[in-house]
Amino acid sequence: AQSVTQLGSHVSVSEGALVLLRCNYSSSVPPYLFWYVQYPNQGLQLLLKYTTGATLVKGINGFEAEFKKSETSFHLTKPSAHMSDAAEYFCAVRGGFQKLVFGTGTRLLVSP
Amino acid sequence: GAVVSQHPSRVICKSGTSVKIECRSLDFQATTMFWYRQFPKQSLMLMATSNEGSKATYEQGVEKDKFLINHASLTLSTLTVTSAHPEDSSFYICSAVAGQVNTEAFFGQGTRLTVV
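Taken in order, these protein sequences are the chains called U and F.
Counting in this note's numbering, the first sequence tops out at residue 141, every number present.
Counting in this note's numbering, the second sequence tops out at residue 113, every number present.
In case anyone wonders, no lab produced these hints; they're calculated from the structure.
Watch out, some of these pointers could steer you wrong.
[To be verified] Reference excerpt, derived from the structure (chain F facing chain U, CB under 10 Å, subset only):
# : residue
1 : Phe31
2 : Thr46
3 : Lys52
4 : Thr54
[As the list claims (entries may be wrong)] Computed list of lysine-lysine pairs in BS3-like fashion (alpha-carbon distance at most 27 Å, straight line):
#  : chain 1 : residue 1 : chain 2 : residue 2
5  : F       : Lys38     : U       : Lys78
6  : F       : Lys61     : U       : Lys128
7  : U       : Lys97     : U       : Lys128
8  : U       : Lys128    : F       : Lys17
9  : F       : Lys63     : U       : Lys128
10 : F       : Lys63     : F       : Lys11
11 : F       : Lys38     : F       : Lys52
12 : U       : Lys128    : U       : Lys98
13 : U       : Lys128    : F       : Lys52
14 : U       : Lys128    : F       : Lys38
15 : U       : Lys97     : U       : Lys87
16 : F       : Lys52     : F       : Lys17
[Stated by the list, open to error] Far from chain F, some chain U residues (derived; all Cβ distances over 10 Å):
#  : residue
17 : Ser41
18 : Val42
19 : Gly45
20 : Ser57
21 : Asn90
22 : Asp114
23 : Gln127
24 : Val139
By construction, the Cβ of each residue, glycine as well, lies at the ideal position given by its N, Cα and C atoms.
Please construct the entire structure, taking both the sequences and the accompanying hints into account.
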């Protein structure tokens, strides 16, 4: 069975600082991995995804993530945080029948 | 990306009544739709998977008689919360996929249900 673990329920950064949100996965098959962002009272928006091929994946809004099989990780980064990045971020792995298995989420707080 | 529209965005209903939430794929045909429930400050919990023209598959612990799911067409799935109670108050989110194998899921905007 597939699962994901997000380390840190809250991450606080200053505007302009590096953003690093951690995600580790467990999968019995080659994983398809996703990062989603959720703003208050809204649905989820896909930031980026890894399926096959290049292990460094670039997404929207300047985010990127690197798939590291040896570390079973898929951490999300952004070089310079913006106030508008404050939101809830979910890592997910695709399970059977196209179901998504979500992590518990990380709330990103950005201070001026 | 493709658009999934969920309606209503907010609904308040009285205890004991039923409420219907619609999930529509606006520019693609959704072979499969998923319904999630999200408690405050928590992750998404998959409730059920619905395929067009067939009965929904519910996750363990989800009451199928309370949460009725219908996927009558390739662009519309509905979730009906029957005989709602305050503990059913939550944020409900749908997602849709367009194919059978490894396709991207697109999410609706969510519905905030409050049962009073």
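Hints versus structure:
1. Phe31: holds (7 Å)
2. Thr46: holds (6 Å)
3. Lys52: violated (14 Å)
4. Thr54: Holds: closest Cβ of chain U sits about 8 Å from Thr54 of chain F, inside 10 Å.
5. F:Lys38 to U:Lys78: holds (23 Å)
6. F:Lys61 to U:Lys128: It holds: about 18 Å lies between the C-alpha atoms, which stays within 27 Å.
7. U:Lys97 to U:Lys128: Holds: Lys97 of chain U and Lys128 of chain U sit about 22 Å apart, inside 27 Å.
8. U:Lys128 to F:Lys17: Distance of about 23 Å is within 27 Å: holds.
9. F:Lys63 to U:Lys128: The given pair, whose Cα atoms are some 22 Å apart, holds under the 27 Å limit.
10. F:Lys63 to F:Lys11: Within the cut-off at roughly 15 Å; holds.
11. F:Lys38 to F:Lys52: Since the Cα atoms of Lys38 of chain F and Lys52 of chain F sit roughly 31 Å apart, the hinted pair is violated (cutoff 27 Å).
12. U:Lys128 to U:Lys98: Given pair Lys128 of chain U, Lys98 of chain U holds - Cα atoms ~21 Å apart, limit 27 Å.
13. U:Lys128 to F:Lys52: holds (17 Å)
14. U:Lys128 to F:Lys38: holds (21 Å)
15. U:Lys97 to U:Lys87: holds (15 Å)
16. F:Lys52 to F:Lys17: holds (17 Å)
17. Ser41: holds (16 Å)
18. Val42: It holds; Val42 of chain U is separated from chain F by about 19 Å at its closest Cβ, greater than 10 Å.
19. Gly45: holds (27 Å)
20. Ser57: holds (16 Å)
21. Asn90: holds (14 Å)
22. Asp114: holds (18 Å)
23. Gln127: Label violated. Min Cβ-Cβ 5 Å, cutoff 10 Å.
24. Val139: Correct as stated: the minimum Cβ-Cβ distance to chain F is 18 Å, above 10 Å.
The earlier numbered hints that this structure contradicts are 3, 11, 23.
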